[in-house]
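Sequences and hints are given; from them, build the entire structure.
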Amino acid sequence: MEGNLNMVGYGLAAIGPGIGVGLIFAAYIAGVARQPEARGTLQGIAILGFALAEALAIIGIGLAFAL
Amino acid sequence: MRTQLLAAGPGFEAPGPADFEFPPLFTVAGFEFTKPMLIVVLGTIAVAAFFYVAARNPKLIPGKLQFAGEAAYGFIRNSVVLDAIGAKNGKKFVPYIATLFFFIAALNISGIIPILQFPATSKIAIPAFLAVISWVIYNAVGIRRQGFVGYFKNMMFPPGLPWPIYILLAPLEFFSTFVIRPFTLALRLAMNMFAGHLVLLLCILGGEYMLTEGTGALPFLSWVGFLGGIVLTFFEGFIQILQAYVFALLSAIYIAGAMEAEH
Numbered sequence: 001m002e003g004n005l006n007m008v009g010y011g012l013a014a015i016g017p018g019i020g021v022g023l024i025f026a027a028y029i030a031g032v033a034r035q036p037e038a039r040g041t042l043q044g045i046a047i048l049g050f051a052l053a054e055a056l057a058i059i060g061i062g063l064a065f066a067l
Numbered sequence: 001m002r003t004q005l006l007a008a009g010p011g012f013e014a015p016g017p018a019d020f021e022f023p024p025l026f027t028v029a030g031f032e033f034t035k036p037m038l039i040v041v042l043g044t045i046a047v048a049a050f051f052y053v054a055a056r057n058p059k060l061i062p063g064k065l066q067f068a069g070e071a072a073y074g075f076i077r078n079s080v081v082l083d084a085i086g087a088k089n090g091k092k093f094v095p096y097i098a099t100l101f102f103f104i105a106a107l108n109i110s111g112i113i114p115i116l117q118f119p120a121t122s123k124i125a126i127p128a129f130l131a132v133i134s135w136v137i138y139n140a141v142g143i144r145r146q147g148f149v150g151y152f153k154n155m156m157f158p159p160g161l162p163w164p165i166y167i168l169l170a171p172l173e174f175f176s177t178f179v180i181r182p183f184t185l186a187l188r189l190a191m192n193m194f195a196g197h198l199v200l201l202l203c204i205l206g207g208e209y210m211l212t213e214g215t216g217a218l219p220f221l222s223w224v225g226f227l228g229g230i231v232l233t234f235f236e237g238f239i240q241i242l243q244a245y246v247f248a249l250l251s252a253i254y255i256a257g258a259m260e261a262e263h
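Going line by line, the protein sequences match chains A and B.
All the letters of the first sequence, read from the start, carry residue numbers 1 to 67 under this note's numbering.
All the letters of the second sequence, read from the start, carry residue numbers 1 to 263 under this note's numbering.
What the hints contain is simulated information worked out from the structure, not anything from laboratory work.
What you are looking at is a predicted structure, and each value in this text was computed from that prediction instead of being measured.
Reference excerpt, derived from the structure (chain A facing chain B, CB under 7 Å, subset only):
| id | residue |
| --- | --- |
| 1 | G40 |
| 2 | L48 |
| 3 | I58 |
| 4 | F65 |
Glycine residues also receive a C-beta, built at the ideal position from the N, C-alpha and C atoms.
If you want it as structure tokens, here you go:
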């Protein structure tokens with residue numbers, strides 16, 4: 001069985017952003033549950049935070065194929 | 001770096017970046033026309049035709065098609081652009097963001113449409129160019145609103161902080177706004193589509209390999225691969241719409257951020 005060690009490395013590297021994305025959406029859900037009328041404001045912030053955290057994982061997969 | 005992890009079995013060629021290279025369909029004067037380009041052309045035509053037909057003959061009581069067009073456009077208008085930028089300033093950016101969303105969605109969805117079956121946005125050039133357009137727009141809006149110096153000052157030196165912080169914060173904010181934002185905007189879309197397409201290929205080609213060339217119990221287990229392929233196709237459909245939404249929403253948020261005088 002042939003494989004690519006980069007992918008194992010990417011799997012490890014994705015743990016951090018995965019936890020981060022989980023925390024961001026947990027906070028977003030809690031925020032909407034406490035104050036449903038703030039949903040519109042919170043959604044933008046949540047997607048922005050999600051995008052920033054996910055950028056790390058995306059850079060990881062890009063480099064896993066490039067290097 | 002390719003490493004031998006276990007003893008080599010009979011050769012299953014795992015899908016890789018090579019599956020994203022297509023031979024040209026035809027060549028016009030040295031210009032090679034490939035499948036991703038065909039998908040871009042078809043996607044553009046499909047989006048334009050849909051909205052043209054939906055809005056060609058508007059009635060007070062909308063028909064099915066007009067209703068679909070209005071609902072799709074209204075969703076982007078109200079819950080993406082006007083929510084992010086604000087009802088007063090957002091109106092003139094609605095056409096751009098809506099075009100962005102439907103163009104990206106059409107190119108993404110072509111990844112799960114039979115026969116096409118390739119998300120054209122997994123080629124980095126397309127999202128990169130769209131990200132450059134968004135980058136130019138939000139910087140132009142910021143400079144126009146606050147002046148060249150004012151824009152940079154507001155962006156790099158958000159007010160209300162003790163001055164030693166700025167030594168650390170100013171280069172970071174500069175780097176984030178001018179390099180990281182367009183870079184991740186393009187890379188997020190391309191890599192999501194790339195990884196999704198790769199996973200689909202792996203499931204379906206793996207299932208096919210197990211069925212046709214596997215030994216022992218493998219042919220009887222091939223349904224696992226095909227089932228994974230079917231389930232992941234639906235998942236991909238969801239991801240493809242979501243990524244188009246994220247691209248459009250982030251563009252809107254960046255424009256809104258450039259408009260505000262303060263952070």
